[in-house]
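Chains as they are written, first to last, in this note's numbering: chain A, 1 to 400; chain B, 1 to 400; chain C, 1 to 400; chain D, 1 to 112; chain E, 1 to 112; chain F, 1 to 112.
Certain hints may be false.
Quick list of the computed label-pair ranges, beta carbon to beta carbon [as the list claims (entries may be wrong)]:
| no. | chain 1 | residue 1 | chain 2 | residue 2 | range |
| --- | --- | --- | --- | --- | --- |
| 1 | A | Gly376 | B | Gly252 | 19 to 27 Å |
| 2 | F | Pro95 | E | Thr107 | 17 to 25 Å |
| 3 | A | Gly376 | B | Val362 | 53 to 61 Å |
| 4 | A | Gly92 | F | Tyr51 | 53 to 61 Å |
| 5 | B | Gly252 | D | Asn85 | 21 to 29 Å |
In short, the hints are calculated from the structure, not lab data.
Glycine residues also receive a C-beta, built at the ideal position from the N, C-alpha and C atoms.
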Amino acid sequence: MNPTDNAFILVCAALVMFMTPGLALFYGGLVRNKNVLSTIMHSFMMLGLVSVLWAVVGYSLSFGTDIGGFIGGFDFAFLNGVGMGVEGSPAGNLPHLTFMIFQCMFAVITPALISGAFAERMKFSGFMIFSAAWLLLVYAPMCHWVWGGGWMGEMGALDFAGGAVVHMSSGAAALACAILLGKRKGYGREPFIPHNLPMTILGAGILWFGWFGFNAGSALAADGLAANAFVTTHMATAAAVLSWIIAEWVHGGKATTLGAASGAVAGLVAITPAAGFVTPMAAIIIGLIAGVLCFGGIMLKNKFGYDDALDVVGIHGLGGTFGALATGVFASIGAEGLLMGNAHQLWVQFVSVVATWVFCFVMTVVIFKVVDALVGMRPSEEDEVRGLDVTQHSETGYQL
Amino acid sequence: MNPTDNAFILVCAALVMFMTPGLALFYGGLVRNKNVLSTIMHSFMMLGLVSVLWAVVGYSLSFGTDIGGFIGGFDFAFLNGVGMGVEGSPAGNLPHLTFMIFQCMFAVITPALISGAFAERMKFSGFMIFSAAWLLLVYAPMCHWVWGGGWMGEMGALDFAGGAVVHMSSGAAALACAILLGKRKGYGREPFIPHNLPMTILGAGILWFGWFGFNAGSALAADGLAANAFVTTHMATAAAVLSWIIAEWVHGGKATTLGAASGAVAGLVAITPAAGFVTPMAAIIIGLIAGVLCFGGIMLKNKFGYDDALDVVGIHGLGGTFGALATGVFASIGAEGLLMGNAHQLWVQFVSVVATWVFCFVMTVVIFKVVDALVGMRPSEEDEVRGLDVTQHSETGYQL
Amino acid sequence: MNPTDNAFILVCAALVMFMTPGLALFYGGLVRNKNVLSTIMHSFMMLGLVSVLWAVVGYSLSFGTDIGGFIGGFDFAFLNGVGMGVEGSPAGNLPHLTFMIFQCMFAVITPALISGAFAERMKFSGFMIFSAAWLLLVYAPMCHWVWGGGWMGEMGALDFAGGAVVHMSSGAAALACAILLGKRKGYGREPFIPHNLPMTILGAGILWFGWFGFNAGSALAADGLAANAFVTTHMATAAAVLSWIIAEWVHGGKATTLGAASGAVAGLVAITPAAGFVTPMAAIIIGLIAGVLCFGGIMLKNKFGYDDALDVVGIHGLGGTFGALATGVFASIGAEGLLMGNAHQLWVQFVSVVATWVFCFVMTVVIFKVVDALVGMRPSEEDEVRGLDVTQHSETGYQL
Amino acid sequence: MKKIEIVTRTFKLDDVKHALSELGVTGMTVSEVKGFGRQGGHREVYRGAEYQVDFVPKVKIEVVVEDERVPELVREAKDAAFTGNVGDGKIFVSPVDEVVRIRTGETGDEAI
Amino acid sequence: MKKIEIVTRTFKLDDVKHALSELGVTGMTVSEVKGFGRQGGHREVYRGAEYQVDFVPKVKIEVVVEDERVPELVREAKDAAFTGNVGDGKIFVSPVDEVVRIRTGETGDEAI
Amino acid sequence: MKKIEIVTRTFKLDDVKHALSELGVTGMTVSEVKGFGRQGGHREVYRGAEYQVDFVPKVKIEVVVEDERVPELVREAKDAAFTGNVGDGKIFVSPVDEVVRIRTGETGDEAI
Ligand SMILES: Nc1ncnc2c1ncn2[C@@H]1O[C@H](COP(=O)(O)OP(=O)(O)O)[C@@H](O)[C@H]1O
Ligand SMILES: Nc1ncnc2c1ncn2[C@@H]1O[C@H](COP(=O)(O)OP(=O)(O)O)[C@@H](O)[C@H]1O
Ligand SMILES: Nc1ncnc2c1ncn2[C@@H]1O[C@H](COP(=O)(O)OP(=O)(O)O)[C@@H](O)[C@H]1O
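The whole structure should be built from the sequences, with the hints applied where relevant.
Here's what the structure looks like:
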């Protein structure tokens, strides 16, 4: 066991954990007053629900002995054999528990990301059951495929910190949910204006901060690679902030605060799969493109007519996909991408993108339909108009 | 000196420091608009007051040469002999300054915790004097008893990160204060509705994040034990979030945001004494019980008729007590509890619980009465109605 | 390469990064409702703009091969030669990328600090151009002079973590901007009341937390010196919180929340240049003086008649200057100050203070005038009255 | 002159404003209010303590108009605010003696 | 019909609402207002800059009723809002020409 | 008695309050409102979605006074609120039948 790496990854795990409350605030600020708590709960509850599921069986499905390249076995169920030493740890330098908990934080935030798509119109009971099923049936396999010894990793797909596992998967699920759940009542007629942008900016700041744990920690050691991932993360994000507000400014004449925050998230998403494989200057290019691309994606959304309330598809789906492909283009550290003459890598990345979208989208549709049939996903129209805070949680956000 | 451990504990100390502003927000969101700043000040000022007191004499009273098992001597007063090297450091792997400042952060948050009990009706001057006295006369002895070489630690009581020192002590003090200060004006007649729940959730998120420093840091090294404490902390908290909202849902038909946040704190409190002594699965059990227990405790409060405004007794008092006893039951790492066949440990824990409650309650009553006689603890009725922000601090929280 | 130091400094870099969103909230809470987003943007955008500039050329100007003691060369432009190993790294124990990104975070926050002076009356376009120019023409030289091998460091001036580079420089720039831009419309007639003090307190909490990375990280290693800097930072800050509210209480009869938060920042600023050179008890003295001094400075401001909206001059300018001189008085670790009989050090500090003020003030005036001529710095009176959020960014902060 | 006060659902504000603008109304003043009525409120629960909240967010639109325009404006406002469910709200008409436009000093119908 | 406007302390809202409900009032509209009066305000201080704030938070309850019920309702509202200290507030009664219930189109006393 | 309602710019509140106080007005009630008028609003943009916001923050000052004081108070309030730019707002005067001071039970002119 390497104590330095252990210290580093434990701190990184804490940083990644902090991202989920950060996401709660990021999303919470974007909805209307009457749904702020409901939206916050969609993230916060994942800390409770997913963590326990992870210990019980999720970790084992993801990192247990590989079964046919598709899923892990039950060896680590109930954290059996996951101890303070390195025995059985997928990272030989880390206590098994350290590796497990670092991965746990990734599992927590992924279903929380989806919730932006169905904000302001989801029943809490349906949400909880959906998320539990989604974790075990979508996230755990995806995680196994890429990092747990499954086929995608074996194929050579590069995903440093979760472009496919975290962002494409949640983006595809978001698209399915947005379509299946339908538009919010009043969509297109009433204004849907963020009720608290300073809260959203705070959330973006926390996400940026925590993402250093996410990406640099994915080096799983406190080495130069971690430093590189840290720097590429920061630089891509900074570049995406700039390019998003420049795109906005060209498009509508004003740079917005929400644009800056959205650009930051777009940059963070896009660099995630690439962080340890590309140089800082390549990261800046990736960030610059990501900002413009995701802005454009959101502009296009209205053409399609689904109501992805907080733009999970536009930012996580699109940004994650772009990042995965960009990794295949720009990879130059510990792997070779197109620019190093290795077109095959781009092809592998492309396969992983398609497989991820198809698998996650289809599975999400199935889970959604089943849960909808069981408990119903959408609240009554009257409840939706009154607001989910009062009708789902018997609370109101503010008494100012 | 072990640089890795030093790095780890310094970062943990920063995390624990961050908990106090987190607590300020957690509590601040729960009170009414007109008292938000006053409530925030009760936590924030401890960073100023307690830290300086700690350097002057508090640290020495806690960790100075033991006098009769009861209190430390003045050897380290004014940080005399507390230097950059390990000489004199209670943790031989850490610079003495590192150990001292890590402990300082615990001393800061403990009196801040109490303030939830007397929120919305305490004079600022009285509060400051009370807190200073309480730190030196209650916290320092308690800390010495358990960690500084005092009788409780010698007896074999297990308290990994402060179940007795931090949570039972503040819970017992909270009970005394709530009784002595009386109910808030309008209690039971007017609604006392949290004015800003997103702020409370943010506070809960910060607390959870910082608590990793609190508990994992209490291993005082970046080893497997730290990893275990980190994991038990997270899992107990997650489990308590779940069990609290399930209890709520069974009881009243709705899961609330405040319930989720409260469950988190209950889980964090209950696992604190146990974090390094129990396995992650035992932590989940402890968390599940803690959530239901503290929810029940708060339900019962109304029967007793004291006004513990923000439920310090129900969460920190009850949760800390349960955690201390649960440690005696579930301990299996570096110690043996009831389930390992060691009933004696549970008895020791029980003794430490009783001693802590009695000592802290009685001392708090004495200090309260003296300070009340000196400067008065409760503001005039008119000031209380106008709100403490305007009357104690000449400010208002918001101009929205 | 030392992995422990690498882990420590990466985490510190993340902490320093988090200070900038913290500053956004600290400042954002102090302005009026209608300018909250504009004020937040002034900090948040520096994360985007400065980071990219830093990679492109800023880092090289600061730490490239010294040219005449005045500026660095272009060797590291586009991060050329800044890699995962230690080659070329100014800190031989750290990957070059780690050193670069740690420094990047300092460069980000410094121009953000200035923005408090021109809050509520600055055009966004002017702000962006001004900040870019200021980074390259003021910050980069200052950084080079002190830490990059330039004349000020060579002369023996002590600046542990940026008293001159960060705080005096931004303070002097703030003074120039406040004078040149003129007062806010309505200044002295309408009330300018902070619109959200809990947000300001949150910001102060984040700043305090992040500042541990700023100061302890400036040891560039996880050693006893880092522990010392950590402790002095905490103690000076705590002491300044106390002394500020005591000064307020003596002056006006009430201790305020904003006073506590302001005292914290004053203490953090004052200890910054001294953190690694003085003992914890000296830090407490420095903090006690800083709190009273900065409070007094702000009281005096009204006499002068410039509108330094959020008191950057009073806190960063004055606090940084005091800290630099206090370092010359109290230095006893790795350097000797006046109290150790070395009056020369105080003289050197004095020279560095004067040079910093003159250079930064004059350069800021020049940059300001040029940018003002190019795009204009002040919005139209009507835009200023409507608020910068709507007129500069087409957004509003809250829909409550 | 008369003041027409329309208390209705918040999300109907834009519709009502639009309907009145169509009829040439060039000024109105809006406040956020809480309404108590047949519609009923909701229950809130904080750490087990239950509160019955009888008030529902509503919007109040005040517009001062010439006497002769009252019937038409009331009719259109009613139609614009109508959903048919309990809680649609009320329209009140009351007398106004005088109106002054601050900017010009005009009074009476001219000032509207 | 008449409009009764009650401006009083915020924490008296529930008592007044209750008193009026008891007398069969089924609708009212409430706004948060700031009152200036004999009660006086308070001082605020931000970084040494002092501001005198003359306004105190109050609540305004508006209820439109049939003419004949005015005296009774005013009396009961007054009693419910009474504390005897400066700042209890005022009750204003003013004429209303017409009332329309949006949902049903009813007018006059029926619409109340 | 009459009620004078002054709808004007928020930053003019202090000036108007001061002007009325000078003339011996000892009570008034203020609300934050949103005004729609000639002044026009602004555009807001959130992730590319544009919204036209027609409402401008305004303040509404209500003061009930004896009949004979109306002309003087209206004149002074008008002067105090005047800037000469579009958006200065309006003053409305309307009848009040009765006033009650809750604390003392006084009615009519005495209660003002
Ligand atoms: N007598 C009244 N005086 C003042 N406001 C009233 C009165 N009656 C109703 N309102 C307002 O109208 C709103 C709608 O009334 P409600 O009884 O809920 O539904 P409906 O108008 O469809 O019968 C209430 O919330 C309240 O604001
Ligand atoms: N002439 C008035 N016009 C409008 N509102 C008034 C008037 N006089 C008093 N008020 C309102 O009544 C409230 C209470 O009045 P105040 O003079 O403080 O106490 P009291 O009613 O006990 O004499 C004020 O805050 C204000 O909102
Ligand atoms: N007919 C009206 N009824 C109610 N309020 C009005 C009316 N006309 C104007 N107002 C109010 O007066 C404010 C100012 O009016 P506006 O037309 O913008 O400027 P001006 O008063 O200078 O002509 C509006 O924002 C609105 O609140």
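Going down the list of hints, with the structure as the test:
1. A:Gly376 with B:Gly252: 19 to 27 Å: holds, 20 Å
2. F:Pro95 with E:Thr107: 17 to 25 Å: Between Pro95 (chain F) and Thr107 (chain E), where Cβ atoms are some 21 Å apart, the hint holds.
3. A:Gly376 with B:Val362: 53 to 61 Å: Taking Cβ atoms as reference, Gly376 (chain A) and Val362 (chain B) lie about 55 Å apart, which means the hint holds.
4. A:Gly92 with F:Tyr51: 53 to 61 Å: holds, 55 Å
5. B:Gly252 with D:Asn85: 21 to 29 Å: holds, 27 Å
The structure meets every hint from the earlier list without exception.
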